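A.B. asks: Residue numbers (the numbering used here), protein chains in the order written: chain U, 1 to 464; chain F, 1 to 177.
One thing to keep in mind: the hints can contain errors.
As the list claims (entries may be wrong) - Chain F side only, calculated, beta carbon under 7 Å to chain U, not exhaustive:
hint, residue
1, SER78
2, LEU92
3, ASP127
4, VAL160
5, LEU166
6, ASP167
These are calculated hints, taken from the structure and not from any lab test.
The structure presented is a predicted model; accordingly, all values stated were derived computationally and were not measured.
The C-beta atom is built at its ideal place from N, Cα and C for all residues, glycine as well.
Okay, here's what each chain looks like letter by letter:
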Amino acid sequence: MKIIRFHRWLGRSITVLLLFVLLSASVQAAALGERFERTLGGSAVPEILKQYGGEYILPIGQRMWVGEVFRRLAEVTERGDVEYTLTVLNSSELNAFALPGGYVFITRGLVSAIGRDEAKLAGVLGHEIAHIEKKHGVNAVLRQMGLAVLLEVGVMALDLASADLLRVASATLLQLISLGWGREAEYEADLVGQALAVNAGFDGVGAVTLLDDLFAMNSEDLPMKIFRTHPDTKNRRERLEKALASFWSSPVVVEDEDVVERLNVGRNSKQTRRNDPNGRYSVLVPEEGAGLHVFDLQTGQSRTWLQDVNVFDFAWSTQGEYIAVLVDEGSQGQLWIGDRWGGEKKSLSISGQTIIDMCWSPKGDQLAILVDGSEGRQVMVTYLHANILLPVGGEFTGTGSLWLDTGLYFVYEDKWYHTSAPKVLPVIVQNPVPQVLQRQRVLSPTVIKEGNTIRLTRPALTLP
Amino acid sequence: MRVQKFKLGRIIILLVVFLASVVGVSEAFVFTNPLGLYSTTIWDQWVYQAHHSTSELIVFYGEGDFDLLYFESLGTVSDDSVDSWAERSIRLYGEPGGLKSFQLETPLSKVDVAGQRGLGAAYTYEDERGTRLWECRIFVLLPEHQGFSIALSSDEPWVVDDPRLLDDILGYWRWLF
C-alpha cells in the first residue's frame, strides 16, 4: 500500500517537475528569442542607413506629427516585449520596411508623398509594425537558412546572438529586405496593420488610398521598390477594402422612443432641406423635365446642372462643399457628386443595382447609400475621396437612412437600426513647440474681362 | 499781441502735427480672439489674414513684404514650467530639422503678459530663399499647462531694435478666461 502511494507521489512529482522545466524553458526561450530578434535587426541597421543615405531629420512640426502617429500605433501593439523605433531615411525613394526587434524605417520620399494624411501614414507604418508583431522577418531568415525546424520548436531555444550564425543571419536578412518576407506575410501584414491603425484611432481607409496613390504613380521611371517587395497591388487592395466593413459595429435596433421620434423628425426634415449650408444657393428639382435648378441668391442668376438627366433627390454635404444627386440614368439609379460650382467630383453606379437613397456623414467625407438590386436592398457606405463601397448593414436591409454624430441609422421593417464606424481621433502632438511661420507670397491674378464675365488667370476662377 | 498769440497757436498746432507724424502715432483696432481667450490692440497697418488663420492660429501681415505677427494657442504642454518649455523650443529651433542658420540674438528673459509670466527671446534664421529673418518670440504657459505664443517677424532688425509695436500689443493685452 505504502509502495503504491509512494509511486503515485513520485509520478505526480515528476509530472510537476517536467511541467516546471518546460515552462521555464519556454519562458527562457521567449526571452532569448526577443534578444535574438533585437540583435539580428540591430546588426542590419548600419547597412540600411548606409544604403539609404543615413537618417533624415524632418522639420520639427512634421517630426512631431509623424512621431505621434507612430507612438499611437506602437501603443496598441500586442507584443509588450518589443521596443519600437522609427527612423526616417534620407532617400527620395518611396519605401518603408521593418527589421526584427522593432526597427521601422520610412523614406523621406514616402513621408513627403503621404503629406499630412494621417490615415495613409498609419496605414504604411501599421503594415511595417505588423511584420514585427508577426515575426515575419526573423521567420523568413531562419527559413532561408534552413533552420525552419527551430520555428517549430519555439524558434529561439538557442541563443544565436552569441554564435557565428548571427553574421550569416544578418547577411540573409539584408538580402531578404529587398525581396520581401513573402506573399502570405505581406497579406497578413496588410490586415494586421490596418487593424492596428483602426485600434489606434485612425481611419482604416488610409491603407487602401495609399495603395491607390502608389498604383497611380507607378511608372517605370519611378524607383518604386515598394512594388517589387510587395505582392499584387490589386489583390491587396481588394482584401483591405473588404476588411474595412468588418470594423463597423453590427446593426442593433434602436429601442429608445425619444431617439426614434427624433430620427423620424430628422428623416422628414431631410426631405425639405433645399438651400446649401452656406446660404448661397437654393436648389430645386423641377416637377417636369430634367436637371437640377440652381438659384444663386448672391447674384440673382439661375442655372441648370445635369441638364439631360432625370434627378430624383439631392443633398448638400454638411459644410456645403459638395452636393450629392441621385439621378435616373437608363432606368438605373446612380449617384453623382459635384462641387459647389457644379463640377463633377465623382459618379457612382453599381452594375445591376439602383441607388435609391443617400445621406452624408456628419464630416461630409462619406455617404451612406441604399442600393436596390435582384438580391434585395443593402445599406452601403462610399467615400468621397476614394473608390470604396462597404456593405455596413449586415444582414439587414434598409428603406431610409440618417447619419448623425452618434452613428448611421437606417429603417428596416418600420424599425430604426443603428451602426457605427470605428472612432477616428485627430493627431494631437503631445508636447508641442510653437511653429515658425513665414509670409506666403501673394500671386496677384491677371484680370481678363470677356463680355459679362471676369476671368482671373490665377487662381483659376471664373466669376459671372 | 493777438497776432502774436495767433502765430504761436499755429506754431504749436504745426509742431504737434509734425511730432505726431515723426513719432508715428498710429491708429489701432481692438482684436478679440474668436475663441474668447484674449484681446489686444493692433496697429491699423497690420491686416488680419483670415485664410491663414484658424481658431488656434491668428495671423496678421504688416506693411513690409516679410512683416508678420501671429498668436498661437498650442494645447497642452507637458513641460514643468514656461522656462523648460521655452528652452526646449529654442533648442529645437537650433537643432537639425529646426531653422536654417539659426542664431539666438537675445537670450530668453522674463516678460509679463497681462499678469501671466512669460519668456521672450529674439533670434534670426534664413528662409528657403536665403532671406535672413528676425523674429521676437514670447512663450506663455496658461493655466492647465496650455501653451501660448506671440511672434513678430520681419526681414529687418526693427522687430528687436524698436519695441513699440510689441510694447503696445502687450500693454493692451487682456486675458478673457
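A.B. asks: Does each hint fit the structure? Answer for all of them.
C.D. replies: Quick rundown of the hints versus the structure:
| no. | hint | verdict |
| --- | --- | --- |
| 1 | SER78 | holds (5 Å) |
| 2 | LEU92 | holds (5 Å) |
| 3 | ASP127 | holds (5 Å) |
| 4 | VAL160 | violated (16 Å) |
| 5 | LEU166 | violated (16 Å) |
| 6 | ASP167 | violated (21 Å) |
In terms of the numbered hints stated before, the structure departs from hints 4, 5, 6, listed from lowest to highest.
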